[in-house]
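Chains as they are written, first to last, in this note's numbering: chain A, 1 to 129; chain B, 1001 to 1359.
Worth double-checking, as some hints may not be accurate.
For the chain B half of the interface with chain A, some residues (derived, Cβ under 8 Å), not all of them [to be verified]: (1) Tyr1028; (2) Gly1030; (3) Met1075; (4) Lys1079; (5) Thr1225; (6) Arg1227; (7) Ser1310.
Okay, derived cross-link-like pairs now, SDA-like style, lysine to any residue, Cα gap no bigger than 20 Å in a straight line [claimed, not checked]: (8) A:Lys63 <-> B:Gly1236; (9) A:Lys63 <-> B:Leu1234; (10) B:Lys1058 <-> B:Gln1126; (11) A:Lys63 <-> B:Gly1030; (12) A:Lys63 <-> B:Asp1018.
The hints are simulated quantities; they were obtained by calculation from the structure and are not laboratory data.
All C-beta atoms in this analysis are idealised placements derived from N, C-alpha and C, irrespective of residue type, glycine included.
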Amino acid sequence: MKIPEGLMYTQDHEWAKIEKKAIRVGITDHAQSELGDIVFVEFIEKGSHITAGESLGTIESVKAVSEIYAPVSGTILEVNELLLDTPELVNQDCYGDAWMALIEMDDPTETDNLMNAKVYGEFLSAEAK
Amino acid sequence: MKTSLYPEHVKLCARIVDFHGWDMPVWYTGIKDEHMATRESSGLFDASHMGEIFVSGKHCTAFLNRILTRDVSSMKPGKVYYTFFLNDKAGIIDDLTVYCIEEQERYMLCVNASNIPVDLNWIHEQNKEKAVIEDKSPQTALIALQGPGSAEILKTCMDFDLEDLRYFTFCKINSPEYGDLMISKTGYTGAGGVEIFLAAENSSPLWRSFVDAGATPCGLGARDTLRLEMGYPLHGNDIDETTTPLEAQLDFAIDMSKNDFIGKESLAAQTSKGLSRRLFGVELLEKGIPRQGYHCLKAGQEVGIITSGSISPVLGHGIALAYLDNSVHEDEEIAVLVRSKLIRAKVKRPPFVKGTISK
């Protein structure tokens, strides 16, 4: 399972990457592998304000529906519209081309609540037990 | 519980899920790939969790004719029927296949895994005829080899000619490597191929020989999308004790011309009264995936509910089975409420895709 250094992680298996006052968000390798073939992705509207822990979109595999949760509060600056027509990209490149949204943070200190790669790795091992 | 093939699934790194108490593979590499492999060449499924109940003895035919919806008295050895156990109200206790092993003397019932205890209870409770009932589920494995490439694999692995077998018949053979086999030209995919019953202890070598010959191991995920594309109902989702075969549009599997059977009166009453809902196929015309429990609407009014839904890997869009009320007809446009959005959809009579069954 790939867990790149330099990203931050949530307990719901999203990753977040700080880009100045914004964060780019996606789902982790573990999440895409658990879901299996991803066949549908949709997002809430660009420009909406979202609170940490709220759903910024929905992702569906053949078998299941799951939500993508916002790691921090803020305003949705961009969503990855590429995924609307090519949801399978999430299985192929979850840390790259298949990013989900760019969120302008209300309070950059909120990222302190997220895990680094090492802690997320331990969290995954603990969850597997 | 685990099937005798569980170690094979682990070796193949399958994703294992709990299915009604059974540790079963949901996929090996991915549902879409496995689905397409079955449609285009051949898929291999472990269906050993299903139940095999043998019914024999002096009055077994009379007994089965009373508890099943098809007429078994005219069955010849080697014939298979799809049929039901109904309750008095014609609700479906289970759907099953009945195999005639010896004419009038010995039959096998292949029932849904999750219903084995319920079915056994029901059969014993109804057994006024004192037929001999043996549950051989634990010692029996069931391997389904499905898809247009199955014939070639059967020839390679067992020197067996599938063309000699007709659809919905089976034959018994004894193989030096795999022991006694019942090869049945049936399946739950619409892709053609066989289902093979054999002793659990012989299942791994047969499984491995099919894998080595090029069959793609497929999990329950692909089994579900394949059956949904064909519109085959799943007991527990699309049919259960609250639905009748008439509502599910499975009339072909009931025989109203035979003598009394459990549920017959209720079926006749329902026919004369008319149906208030029927099970239809629903195909989405826009992006979105219909799921069990989603509501169907017509002109803003609720007209039914989805009982199974997913994406069709062949078509690339959402398909479902749904009970729709009287006001709805085939080829009509309705809407499915997917989360808070209304998605346009068309009412269809399945199958959604053309199968590749050779009769």
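Checked hints:
Of the supplied interface hints, the one on Tyr1028 (chain B) is violated, with its beta-carbon coming no nearer than about 11 Å to a beta-carbon of chain A, more than 8 Å. Interface hint at Gly1030 (chain B): satisfied, since its Cβ lies 5 Å from the closest Cβ of chain A, which is below the 8 Å cut-off. At its closest, the beta carbon of Met1075 (chain B) sits 38 Å from a beta carbon of chain A; the interface hint therefore is violated under the 8 Å criterion. The beta carbon of Lys1079 (chain B) is not positioned within 8 Å of any beta carbon in chain A (closest approach about 35 Å), and the interface hint is therefore violated.
A distance limit of 8 Å between C-beta atoms decides the matter here; for Thr1225 (chain B) the minimum to chain A is near 6 Å, and the interface restraint holds. At a threshold of 8 Å, the smallest CB-CB gap from Arg1227 (chain B) to chain A is about 13 Å, leaving the interface hint violated. At a threshold of 8 Å, the smallest CB-CB gap from Ser1310 (chain B) to chain A is about 6 Å, leaving the interface hint in force. A distance of roughly 17 Å separates the Cα atoms of Lys63 (chain A) and Gly1236 (chain B); the hinted pair therefore holds under the 20 Å criterion.
Our distance criterion of 20 Å between C-alpha atoms is met by Lys63 (chain A) and Leu1234 (chain B), whose separation comes to about 15 Å. Simply put, Lys1058 (chain B) and Gln1126 (chain B) have alpha-carbon atoms about 16 Å apart, close enough for the 20 Å limit, and the pair holds. The straight-line distance between the Cα atoms of Lys63 (chain A) and Gly1030 (chain B) is roughly 11 Å, inside the 20 Å bound, and the hint therefore holds. A hinted pair counts as satisfied when its Cα atoms are at most 20 Å apart, and Lys63 (chain A) with Asp1018 (chain B) qualifies at roughly 14 Å.
Hints 1, 3, 4 and 6 from the earlier list are contradicted by this structure; the remaining hints agree with it.
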